[in-house]
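Residue numbers (this note's numbering), protein chains in the order written: chain P, -16 to 107; chain A, -16 to 107; chain C, -16 to 107; chain F, -16 to 107.
Keep in mind the hints are simulated off the structure, nothing from the lab. Incorrect hints may appear among the rest.
As the list claims (entries may be wrong) - So the derived label-pair ranges between C-beta atoms look like this:
| no. | chain 1 | residue 1 | chain 2 | residue 2 | range |
| --- | --- | --- | --- | --- | --- |
| 1 | P | T29 | F | H27 | 21 to 31 Å |
| 2 | A | D36 | P | P42 | 18 to 28 Å |
| 3 | C | P65 | P | A49 | 45 to 55 Å |
| 4 | P | E38 | F | D79 | 20 to 30 Å |
| 5 | C | P65 | F | P48 | 46 to 56 Å |
| 6 | P | D62 | A | D69 | 25 to 35 Å |
| 7 | F | A49 | P | P42 | 17 to 27 Å |
| 8 | A | D69 | F | H27 | 20 to 30 Å |
| 9 | F | D69 | C | P65 | 18 to 28 Å |
Unchecked claim - Below are the BS3-like pairs computed for lysine-lysine, each with C-alpha atoms no more than 27 Å apart in a straight line:
| no. | chain 1 | residue 1 | chain 2 | residue 2 |
| --- | --- | --- | --- | --- |
| 10 | C | K70 | F | K(-11) |
| 11 | C | K70 | A | K(-11) |
| 12 | C | K(-11) | F | K(-11) |
The structure presented is a predicted model; accordingly, all values stated were derived computationally and were not measured. Even for Gly, the Cβ is constructed at its ideal location relative to N, Cα and C.
The lines below spell out each chain.
4 protein chains.
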Amino acid sequence: MRALGKRCWAIPEGYIPPASTGTSRQMTSHEAVCMLNTGEREAHVTITIFFSDREPAGPYRMTVPARRTLHQRFNDLTDPEPIPADKDYASVIESDEPIVVQHTRLDSRQAELALLSTIAFSCD
Amino acid sequence: MRALGKRCWAIPEGYIPPASTGTSRQMTSHEAVCMLNTGEREAHVTITIFFSDREPAGPYRMTVPARRTLHQRFNDLTDPEPIPADKDYASVIESDEPIVVQHTRLDSRQAELALLSTIAFSCD
Amino acid sequence: MRALGKRCWAIPEGYIPPASTGTSRQMTSHEAVCMLNTGEREAHVTITIFFSDREPAGPYRMTVPARRTLHQRFNDLTDPEPIPADKDYASVIESDEPIVVQHTRLDSRQAELALLSTIAFSCD
Amino acid sequence: MRALGKRCWAIPEGYIPPASTGTSRQMTSHEAVCMLNTGEREAHVTITIFFSDREPAGPYRMTVPARRTLHQRFNDLTDPEPIPADKDYASVIESDEPIVVQHTRLDSRQAELALLSTIAFSCD
């Protein structure tokens, strides 16, 4: 299949709850950026995180192999730094190959139950 | 009415919970791809499923008749193979006629209660 | 303000639960099409409803005044016929003036609590 | 990073529950407009609120600094007037610099649990 999508995407919404908030672990939510690479070349992806009160964090680097999808949880990003909890953030996803990007928030009360989702904004 | 929409759509998010996860059947969720064919000719649709760790599955073939909508649950796809549970997936929907595609996750605790939805990304 | 938006929109997803399903009235959900007319002329809107197993219903006619929004519940449409419950449907919204259209499902357990939402697909 | 996005966005859906509705404060929901300014110049944003039965309110003015995101709750807008509760509304977001806009509804039962989200409609 040809490589579908765009090389630049933005997601203005993002929030990781403070660890102390969850009275039970069941209520923890996770935000994920779902990326699809339909093409024949691996896509090298860079994510930049924007905040309301400090300079951006990143770049966070990852690879989406050819003909594969990668559902990356923001909570799992650690290099160059974890995304701080209890702070509003936004993200920009850049790729050297076309990809398609969807933003999803999961509620782990039930395994992988999704609470919201939207196709990201393509900036190309 | 003229045939509205596009011939290629992508949905990066997808997940079918493992059967063993649901402590009660009520918590099972279903993902659906809602397709609308407003035109006067039937649309022959092909769905390809992408994964994070294996080659794509499909093609899954179906028809959306003229002036009809088809709300296809991913869980109901069986030919050429069921979509494996407990694995992240993504989908590409291709049609020989223009259609409009929306991604919806349903929560069967309440009949057809929807939990998330987004218009898919049009790749044309 | 100038008239923002498009004259044709599509929403592939739609479902009204059967009356008998709701064990309690609190779980009833309502689907709405939210229309915004930012312009200086009233918009005359026509909605056509598509099904999986019968010919389309409609046209349903309504007016969105200049500089106004109209949040129309599908459940409240009665002329030329109510939308049948327990059937998948889809909708096309056409207007003689540009409008912006968003699809929202409400959960009446809590007043107007929204469960899902997406900007509709613009067909222009 | 270059300034991503558009200068005009629309969100047809909006609703603030009446204060008396919430039997418990836990069920209060909040709607937010999440704005991302990836560029090097601050963005001066104007929000106009449209209703079903009265003239629009606003302009509400705010600034999104360079390389920052602002998650603005509609409930917190007070100048020139609070947004009335228990009324359907819609919003148009205009900026002198490109921004990306996402609409999110939060459920404060759990800190910042999101219930719905969609990228706004870009009007440029």
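These are the hints, each one checked on the structure:
no., hint, result
1, P:T29 <-> F:H27: 21 to 31 Å, "holds, 29 Å"
2, A:D36 <-> P:P42: 18 to 28 Å, "holds, 25 Å"
3, C:P65 <-> P:A49: 45 to 55 Å, "holds, 50 Å"
4, P:E38 <-> F:D79: 20 to 30 Å, "holds, 22 Å"
5, C:P65 <-> F:P48: 46 to 56 Å, "holds, 51 Å"
6, P:D62 <-> A:D69: 25 to 35 Å, "holds, 27 Å"
7, F:A49 <-> P:P42: 17 to 27 Å, "holds, 18 Å"
8, A:D69 <-> F:H27: 20 to 30 Å, "violated, 48 Å"
9, F:D69 <-> C:P65: 18 to 28 Å, "holds, 26 Å"
10, C:K70 <-> F:K(-11), "violated, 38 Å"
11, C:K70 <-> A:K(-11), "holds, 25 Å"
12, C:K(-11) <-> F:K(-11), "holds, 17 Å"
Hints 8 and 10 from the earlier list are contradicted by this structure; the remaining hints agree with it.
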